[in-house]
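J.: Could you put together the complete structure from these sequences and hints?
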Amino acid sequence: MAACVRGVLPEDVAEMVSACRVLVVGAGGIGCELLKNLVLTGFQDIVLIDLDTIDVSNLNRQFLFHKKHVGKSKAEVAKESALRFNPNAKIDARHESITTTEYNREFFMQFNVVMNALDNRAARNHVNRMCLAADVPLIESGSGGYLGQVSVIKKGLTECYECLPQPAQKSFPGCTIRNTPSEPIHCIVWAKHLFNQLFGEEDPDQDVSPDTADPEAAGDAGQESLNSDPAKDALGGVERTSTRAWAESSDYNAQKLFRKLFHDDINYLLSMDKLWQKRRPPVPLDWDNLPQEQDSEENESQSSTVLHDQRKLSIRDCVSMFKDSLDSLKQLYKERGELVWDKDDEAAMDFVTCTSNIRAYIFGIERNTRFTIKSMAGNIIPAIATTNAVVAGLIVMEALKVLQGRLDQCRMIFLKRTPNERNKLFLTCPLDKPNPKCYVCAPKPEASVKVNLNTMTVKALEEKIFKQEFGMIAPDVEINDGRCSILISSEEGETEENNFKVLSTFMRSGVQLKADDFLQNYQLTLNITHCDTLKDDKEFEVVDRSAASEPQPLPDGENQLSGTGDDAQPGTSANGIQTSITSSTTNSQAGPAPDGDDEDDELVMVDEEEELEQASAVEMAQPAGKKRKLSADEGNSTITAPPMPAKKAKMAQPANVEDEDDDLVVLDD
1 MAACVRGVLP EDVAEMVSAC RVLVVGAGGI GCELLKNLVL TGFQDIVLID
51 LDTIDVSNLN RQFLFHKKHV GKSKAEVAKE SALRFNPNAK IDARHESITT
101 TEYNREFFMQ FNVVMNALDN RAARNHVNRM CLAADVPLIE SGSGGYLGQV
151 SVIKKGLTEC YECLPQPAQK SFPGCTIRNT PSEPIHCIVW AKHLFNQLFG
201 EEDPDQDVSP DTADPEAAGD AGQESLNSDP AKDALGGVER TSTRAWAESS
251 DYNAQKLFRK LFHDDINYLL SMDKLWQKRR PPVPLDWDNL PQEQDSEENE
301 SQSSTVLHDQ RKLSIRDCVS MFKDSLDSLK QLYKERGELV WDKDDEAAMD
351 FVTCTSNIRA YIFGIERNTR FTIKSMAGNI IPAIATTNAV VAGLIVMEAL
401 KVLQGRLDQC RMIFLKRTPN ERNKLFLTCP LDKPNPKCYV CAPKPEASVK
451 VNLNTMTVKA LEEKIFKQEF GMIAPDVEIN DGRCSILISS EEGETEENNF
501 KVLSTFMRSG VQLKADDFLQ NYQLTLNITH CDTLKDDKEF EVVDRSAASE
551 PQPLPDGENQ LSGTGDDAQP GTSANGIQTS ITSSTTNSQA GPAPDGDDED
601 DELVMVDEEE ELEQASAVEM AQPAGKKRKL SADEGNSTIT APPMPAKKAK
651 MAQPANVEDE DDDLVVLDD
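Following the numbering used here, the residues of the sequence shown are numbered contiguously, the last one being 669.
Just so you know, these hints were derived from the structure itself, not from any lab. Some clues are possibly wrong.
Unchecked claim - Below, simulated SDA-like cross-link-like pairs (lysine to any residue); rule was C-alpha separation at most 25 Å, straight line:
| no. | residue 1 | residue 2 |
| --- | --- | --- |
| 1 | Lys260 | Pro291 |
| 2 | Lys343 | Lys450 |
| 3 | Lys464 | Leu453 |
| 4 | Lys433 | Lys459 |
| 5 | Lys444 | Leu157 |
| 6 | Lys323 | Gly405 |
| 7 | Lys90 | Glu102 |
| 8 | Lys459 | Ile365 |
| 9 | Lys278 | Lys459 |
| 10 | Lys450 | Thr529 |
| 11 | Lys450 | Ile486 |
| 12 | Lys330 | Ser250 |
| 13 | Lys416 | Ser250 |
| 14 | Lys330 | Asp203 |
| 15 | Lys278 | Asp476 |
| 16 | Lys437 | Gly510 |
| 17 | Lys535 | Arg259 |
| 18 | Lys90 | Ala14 |
| 19 | Lys437 | Arg367 |
| 20 | Lys538 | Lys433 |
| 21 | Lys444 | Asp516 |
| 22 | Lys538 | Arg244 |
| 23 | Lys330 | Asp317 |
| 24 | Lys155 | Asn196 |
| 25 | Lys334 | Arg244 |
T.: Rendered as structure tokens:
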């Protein structure tokens, strides 16, 4: 059924829509709805990028996918499904990471508008910077439960995605949790799901293992399995054994359960070879041949002097804790029935600590102490399909304004859980101007950090500060000492000898570092201050990051929300909801990339709903530009977006929230 928008949109707008070139990043919950909306609205030239593959848990809300698509590329399947709505559309689907060098400034300059449908801060930061470098409008979006958000970002006119500090990530895709964890929080969420699968209220969407009973989960390999057994295909599926049933059949035997979770399931993941083309593959563990870590003797010496919760656990420690906690929980389960995970329950907390650390080791992720894991555990709610649909519709409405040059009419829009006192579900706010102290879009991006120069290594500086905290992909860093001494180079092998040397080897307190990420066309001046001890035992502390002012109440008791967001998302929030929902863990926006594109918003952790009602305003500033610009002939030949009707863009900054027909929905009594 082909789309027909003639008569729905004015003739000139319909022609503009048909002629423009659009980039959509992410084909998950919001991305599927967005792609459908775009082709039905008449957009003809779309590039869709998503690194993820389809998981069984996606099928209940990502309606472009079906069971036969499990294990296949989201981008490619979304394209095939969307073309059924409008066969005349031209969709270029790419199963790639948006953070690869192929997608540089020149690539982004092809487009009239970019639309984000991501769920993690690392990829959002990167797309934000690329759109600033290419001077292309970006429409951010996000959803978390019943909450949603959409915002427009335009260089020099509005605040960018990183203009305000962002809360810790609270949005985690189910496929990331099950198959491709890249951060400690992913392993912790997996461990909590495992607890529920074994001892708590079972939820099929939270199954922790790869779908070993569904051969399609392995992509091509799975299809071959189906082809060899037509009966399975005829039934449209196969019988599946739940994790609970499997564990009960073995009487919760620790060794058997360990082998299934940390050996067999990992080997099954390795058979899905497409997952590991651009990721570090996991390493299965053998119960009878556990690794002997170099620091195990140090850990043993700590056991008598360090508090139980603060001790760094070796893999052998974790396996011992796994057996003990499993035995305790099995007994409690027999006595009480279903258990509820509680961070203050000794056995339950031990179980999550050891299983999350074992999984982290397998995937090459930093392990944490029991104390840290306890503080990171949070509440999780599922994403909702209808919220994604509403948000996707709002993205298209804002895109139509952008294409017509009506930036003065663009708004930051929030979808609420319940109507407010004026009986409205949508709240709109004027777009804030750039933050003059933003370390990304300010004329001269600059930030300051406190570190212990005697303990932090050059490698930690690169990974935890430049890549995770400041979202760089491949930074080149030099010391501003008059000699331009190179500290970190993106060229492989050039500065590797510096990696494990402490910073005091190269610098003193008060030094300035010049960091340059060529791919992002981004430069940052970083001021380093030595501090012997930082509060909460942090490795570093960012100071003077933004110029955000105190929250200002709006009329009628409503509050202006502004900020940074994530799938939950734009401007400030968790899955996209400003100030309340967000995507990225503390001090870990996400490192380098290939894993930065988990464009699926299956799981979202949200703070108390009242936080969404808190206000946050930003000081008005003059439009800011980038410090460095590439010349038009630098690198690849510059590609320009298709010509659009020239319209003068103006940014109005009304003081109050406005009621506009295309921005607000009024509910009848």
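J.: Is Lys444 within 25 Å of Asp516, Cα to Cα?
T.: 12 Å, holds
J.: CA of Lys464 to CA of Leu453, is that 25 Å or under?
T.: 14 Å, holds
J.: Take the C-alpha atoms of Lys535 and Arg259, compute the straight-line distance between them, and say whether it is at most 25 Å.
T.: With Cα atoms ~40 Å apart, Lys535 and Arg259 exceed 25 Å; violated.
J.: Take a quick look at whether Lys330 and Asp203 sit within 25 Å of each other, Cα to Cα.
T.: Between Lys330 and Asp203 the Cα gap is close to 19 Å, so the pair holds against 25 Å.
J.: For the pair supplied as a hint, Lys450 and Ile486, is the alpha-carbon distance within the 25 Å limit?
T.: OK: Lys450 and Ile486 at ~21 Å, within 25 Å.
J.: CA of Lys260 to CA of Pro291, is that 25 Å or under?
T.: Roughly 18 Å between the alpha carbons, so the hint for Lys260 and Pro291 holds.
J.: Is it true that the CA of Lys459 sits at most 25 Å from the CA of Ile365?
T.: 15 Å, holds
J.: Hey, Lys323 versus Gly405, does the alpha-carbon distance stay inside 25 Å?
T.: Violated, at about 63 Å.
J.: What's the verdict on Lys90 and Glu102, does the C-alpha distance respect the 25 Å limit or exceed it?
T.: Satisfied, since the Cα-Cα distance of roughly 21 Å is no more than 25 Å.
J.: Holds or violated: Lys437 with Arg367, Cα cutoff 25 Å?
T.: Given that 25 Å is the threshold and the Cα spacing comes to 34 Å, the pair is violated.
J.: Holds or violated: Lys90 with Ala14, Cα cutoff 25 Å?
T.: 16 Å, holds
J.: Given the hinted pair Lys330 and Asp317, is their Cα-Cα distance within 25 Å?
T.: Judged against 25 Å, a Cα distance of about 20 Å means the pair holds.
The earlier numbered hints that this structure contradicts are 2, 4, 6, 13, 17, 19, 20, 22, 24.
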